[in-house]
Amino acid sequence: MKIYNALVPTLLVLLMGGCGSNSDEKKDTFSLEISDAKKSYTTEDVLSISLINKKNIEIDSVVYFLNKDKVEVSSNKLALSGKKLGEKKLKAKIYSDGNVYETNKTILILSSIKPKLYTYKILETYPHDINAYTQGLEFANDTLYESTGQYKESTLRKTDYKTGEVLKMVNLDDHYFGEGLTILNNKIYQLTWRENTGFIYNLQTMEQTGTFVYGDSKEGWGLCHDGNNIYKSDGTDKIWILNPNTLAEKDYIEIFTNTSKISSVNELEWVEGKIYANVYQQGSIAIIDPTNGAVEGVIDLTDLKDKVTQHAKLDVLNGIAYNGEPNILYITGKNWDKLFKVEISPLTP
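Heads up, the sequence shown is in numbering that gives the first Met the number 0, so the first residue is 0 and it goes up one at a time.
It is worth saying that the hints were derived from the structure and are not from the lab.
Note that the structure is predicted; figures quoted are calculated from it, not measured.
Cβ atoms here follow ideal geometry from the backbone N, Cα and C, with glycine treated the same way.
Do not rely on the hints blindly, as some may be mistaken.
[Unchecked claim] The calculated DSS-like cross-link candidates involving lysine-lysine, where the alpha carbons are at most 30 angstroms apart (straight line), are:
#	residue 1	residue 2
1	K54	K69
2	K312	K120
3	K90	K217
4	K337	K115
5	K186	K333
6	K104	K76
7	K337	K306
8	K151	K217
9	K82	K69
10	K167	K312
11	K167	K333
12	K186	K340
13	K151	K304
14	K120	K337
15	K217	K69
16	K67	K104
17	K157	K217
18	K249	K90
19	K273	K113
20	K260	K90
21	K104	K69
22	K161	K120
23	K312	K157
24	K38	K90
25	K69	K120
26	K337	K151
27	K120	K260
28	K260	K115
29	K76	K54
30	K340	K161
31	K90	K113
32	K306	K151
[Unchecked claim] Pairwise CB distance ranges, derived in the manner of DEER restraints:
#	residue 1	residue 2	range
33	T124	V212	34 to 42 angstroms
34	N130	E324	26 to 34 angstroms
35	N52	E342	53 to 61 angstroms
36	K38	T290	22 to 30 angstroms
37	Q203	T105	48 to 56 angstroms
38	T105	V45	13 to 21 angstroms
39	E57	D225	45 to 53 angstroms
40	V99	D302	56 to 64 angstroms
Make the full structure from the sequences, and use the hints.
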């Protein structure tokens, strides 16, 4: 027994050392090179990829990935058209005689288009509760539902948007900070900020029927849906795609223009096939392609905050609702005393 116990640590060291050496050898066997490499690429680029076989190992097959998505490389060419934006790990998995080797290179993919600028015109103005720290806004059957924040003040509300009357209200427990909401399949989904908890309510009764937790997303900020998937922002440059049945995070898109990343994505609204996202602390809304994260347009609503009653608790724009009217949005903000019906149009040069 003494001999056995003495040998165990030695065997462990030998095994660990052997595995480490083998791993290092595999890492050093291949490398990836990109011809005419650049700091960033766009979805219009086609990459010329070379797989460098440093030890002339006979290769059975090679499979390429961008992060976890399998991609096709034909004649050493990788077209970035249709690929998701952001910092991606281009990875090659090489199969040879029962062994698997890997090598990777990090690339940055930007949008290929410059965002179009939009302006607005106010069509109607409605009263809004000046004490509502608006976090989420969405219509269902011409009724406006709203989520509000702040610890000890967070609520879920059903309102008459034309009069501003709160028809029904649910108060969150004091230790929850309410965030965005969305409505799908007769259920209301509401986020909380840093509590890693979302709430599920019956749309008709507003009775809480369940909860869900977040996965890799950092916090809870905004929600919207396309009828099939739920989209969630977490205050970063990412928008997460959730399974509508389990609320599990399936994937994400990263939000980029043709020049840079857009961080602090907040309140979300699904509008005619696009995600409209308020950028926190800015009076603007980004129009985002949900397939790849490209910012296709920016709506400048900066001066809308000047059109509400100015007071000590007045805060930023943070409420976007769409009611099926083309180019029409309903906009409010944190502790705004007005809800605006606005028409969006491209800004002419």
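So, going through the hints one by one against the coordinates:
no., hint, verdict
1, K54 / K69, "26 angstroms, holds"
2, K312 / K120, "26 angstroms, holds"
3, K90 / K217, "26 angstroms, holds"
4, K337 / K115, "27 angstroms, holds"
5, K186 / K333, "24 angstroms, holds"
6, K104 / K76, "15 angstroms, holds"
7, K337 / K306, "8 angstroms, holds"
8, K151 / K217, "22 angstroms, holds"
9, K82 / K69, "11 angstroms, holds"
10, K167 / K312, "24 angstroms, holds"
11, K167 / K333, "19 angstroms, holds"
12, K186 / K340, "25 angstroms, holds"
13, K151 / K304, "25 angstroms, holds"
14, K120 / K337, "15 angstroms, holds"
15, K217 / K69, "26 angstroms, holds"
16, K67 / K104, "14 angstroms, holds"
17, K157 / K217, "28 angstroms, holds"
18, K249 / K90, "20 angstroms, holds"
19, K273 / K113, "16 angstroms, holds"
20, K260 / K90, "23 angstroms, holds"
21, K104 / K69, "15 angstroms, holds"
22, K161 / K120, "18 angstroms, holds"
23, K312 / K157, "23 angstroms, holds"
24, K38 / K90, "17 angstroms, holds"
25, K69 / K120, "45 angstroms, violated"
26, K337 / K151, "23 angstroms, holds"
27, K120 / K260, "28 angstroms, holds"
28, K260 / K115, "16 angstroms, holds"
29, K76 / K54, "23 angstroms, holds"
30, K340 / K161, "10 angstroms, holds"
31, K90 / K113, "29 angstroms, holds"
32, K306 / K151, "28 angstroms, holds"
33, T124 / V212: 34 to 42 angstroms, "39 angstroms, holds"
34, N130 / E324: 26 to 34 angstroms, "28 angstroms, holds"
35, N52 / E342: 53 to 61 angstroms, "60 angstroms, holds"
36, K38 / T290: 22 to 30 angstroms, "24 angstroms, holds"
37, Q203 / T105: 48 to 56 angstroms, "49 angstroms, holds"
38, T105 / V45: 13 to 21 angstroms, "18 angstroms, holds"
39, E57 / D225: 45 to 53 angstroms, "47 angstroms, holds"
40, V99 / D302: 56 to 64 angstroms, "58 angstroms, holds"
In the structure shown, a violation is registered for the earlier hint numbered 25 alone.
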